[in-house]
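For the record, the sequence lines run as chains A and B.
The first sequence lines up with residues 1 to 381 when you count with the working numbering.
The second sequence lines up with residues 1 to 381 when you count with the working numbering.
Hints are computed from structural coordinates only; laboratory data are not their basis.
Predicted, not measured: the structure shown is a model, and the values here were computed from it.
Misleading hints may appear alongside valid ones.
Stated by the list, open to error - Using 16 Å as the maximum straight-line C-alpha spacing, the simulated EDC-like pairs for lysine to aspartate or glutamate come out as follows:
#1 134/A - 111/A
#2 148/A - 127/A
#3 2/A - 59/B
#4 148/A - 170/A
#5 80/A - 111/A
#6 2/B - 168/A
Residue-level listing of the chains:
Protein chains: 2
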Amino acid sequence: MKLGVLGAGQLGQMLALAGYPLGQRFVFLDTTGTPSAEIGTTLIDPQGAQLADFLVQVDRVTYEFEHLPVALVEEIERHKPVYPSSRALRVCQHRGLEKSLFSRLSIPTPEYRLVNSAAELQAAIQDLSLAGQKRVVIKTTTEGYDGKGQAVTDQADQAESIWQQLGERELIVEAFVDFVRELSIIAVRGQQGEVAFYPMAENHHHQGILRYSIAPLPNLTAEIQQQAEQYIQALLQELDYVGVLTLELFQQADGQLWANEMAPRVHNSGHWTQNGAATSQFENHCRAVAGLPLGSTQALQPTCMINIIGQAPDVQQVLSQPGVHLHLYGKEERAGRKLGHLNLVAPSLDALLQQVEALIPDLPGAPPIAMSFHAGAISAS
Amino acid sequence: MKLGVLGAGQLGQMLALAGYPLGQRFVFLDTTGTPSAEIGTTLIDPQGAQLADFLVQVDRVTYEFEHLPVALVEEIERHKPVYPSSRALRVCQHRGLEKSLFSRLSIPTPEYRLVNSAAELQAAIQDLSLAGQKRVVIKTTTEGYDGKGQAVTDQADQAESIWQQLGERELIVEAFVDFVRELSIIAVRGQQGEVAFYPMAENHHHQGILRYSIAPLPNLTAEIQQQAEQYIQALLQELDYVGVLTLELFQQADGQLWANEMAPRVHNSGHWTQNGAATSQFENHCRAVAGLPLGSTQALQPTCMINIIGQAPDVQQVLSQPGVHLHLYGKEERAGRKLGHLNLVAPSLDALLQQVEALIPDLPGAPPIAMSFHAGAISAS
């Protein structure tokens, strides 16, 4: 089976590496002009001239990033099955649609307001900050990632400058959740509606970019995992979703979960599954798209994913440490760029943290890791 | 780093799949005209016209099969580092050189005789069969694999017909070892001389083709594992070997090991490491060739590799069973052809065997599995 992939970055590369052993082959449609997948066939097509050529080569289509024109995906759907569907894509592209879906499905999400002018922004900041008593998060409704297109304030009088800074476009203003940690749940749904959930991961960001994911989530009650599974299950069902879906969550000190956003694809916070789970998120996405039975999502060992950002480490040093699995994407170094990741595995969480801490000095720019579970209990709400 | 691979079959494909995450890229030199790796760049070169083109594209060279002209590898060595070296290749290509190396390193191997005529063959059968009291195995000294180019007899008067059947070429006649099972040990040696050993596998052949490998080896004493490690360590050191080496062994009922043959490459009996070990044989070979530190060879779970021969199974059925990992090579069906393999993993050996037995009806042509350790104890000698 030939899978067509919209986008040709590292996620596409890792999908292909997982799909090859299933007998799948890959054709990438790159619209950026700078593909990096370097596996299978890549059509470099910033002008949209090669779509027909792409379509004749593939049996099914998926995508590795969500900032795609929905019209393009709808056009492709007229010719070949696309998983996840353009409907899922449309919702995940727009933070307003996402939030309203969360609300409709009774998935708790921070209070929010959509605004289309500096004046509306000012009013929204004033209301949601409770007149400056707490912060609000302001994001573009579309296209932001890795902390780009975001601002945080508690001052309504900053509305004009934020409006300009974020490009004078539709924004979403969200009440700030006083969370103790950021989590994600990743699930996969097959074509018969069967669903498998990965154990949740705890995610650490630094300067807006994911740095560490630890899974299975430490300090997690079965109730919280089930709660998250119910939320993502509701989304999968509502969207008649096929493939891997990621839901990012905040957790309060009392355990309560708040949905932040979702991504209709394999996700950086699921890279740990390559070495820490029975079946990786990449393989399960390929299985779902191909209509194959899903693989076990069981965790094998405590695992920590560490992103390699901007500068490559000394590979000799890194690989000489125990439990390290290296995943380089083959990209040139550039400030802030995701060049690869490491998955560290260990027989216990304590051993894992020791290994991570021993490794950090070898990773240029890696921030210290401060685990939430060191801070004490997080109970079920 | 660009690795050049001589040969472009499934072993090359799996090397590339393991090497990509290390940042490696692959160029295959195919001399057969029918490459199947379908990853990286393949130069199809049955006439030997593209060697220069191959050499400029690669940093280091390895090979995925041993039936290569040594002169070609020596020529390549003049331009680029080749691992394993042409010296290792030369020895592994010739059963006589192999056996004499085993003897020189005090690695027990069945008594043998090289013959170059029907008359010599007759005399060797007469001697080594103790005048017809036990069988001998007759093989071509070069190029045989999967049971091709072999005969078994206890009758010296069959010498003439066997001589003709095997092509009137140099043969090796070996005393038959009364073994209870066939084992293999796989080890990897890095460029600094560091060595890592995989746990041994038990191998089941049917019609000359490997069908099942189970690892870690059941019913194994630490002494026997150490014995095998000493043998392969001696070979690695003697050959100043870099990369993965496989040593096939027979084991007698009293535990005694006999070296059968070796292969200077990743091996079918090591495919279980893809899902059953911390680091696969493929990744460790790539690491060794690139001069990187070796990864852990520790087994994670009891694993059974099952070859898919000749006819593909129903992938839906197979993947719906627990613990199954599929590895298809993307080849067309053909009688006797290796199309792929499955790795089954389970928390215990008993559970593993149950899973294997449950799966066999779904695998066209799969023979029943009869485990040696069901038959009782195999003790250390």
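Hints, verified against the model:
{"no.": "1", "hint": "134/A - 111/A", "in the structure": "13 Å, holds"}
{"no.": "2", "hint": "148/A - 127/A", "in the structure": "24 Å, violated"}
{"no.": "3", "hint": "2/A - 59/B", "in the structure": "31 Å, violated"}
{"no.": "4", "hint": "148/A - 170/A", "in the structure": "15 Å, holds"}
{"no.": "5", "hint": "80/A - 111/A", "in the structure": "39 Å, violated"}
{"no.": "6", "hint": "2/B - 168/A", "in the structure": "47 Å, violated"}
Going through the hint list in order, the structure does not satisfy hints 2, 3, 5, 6.
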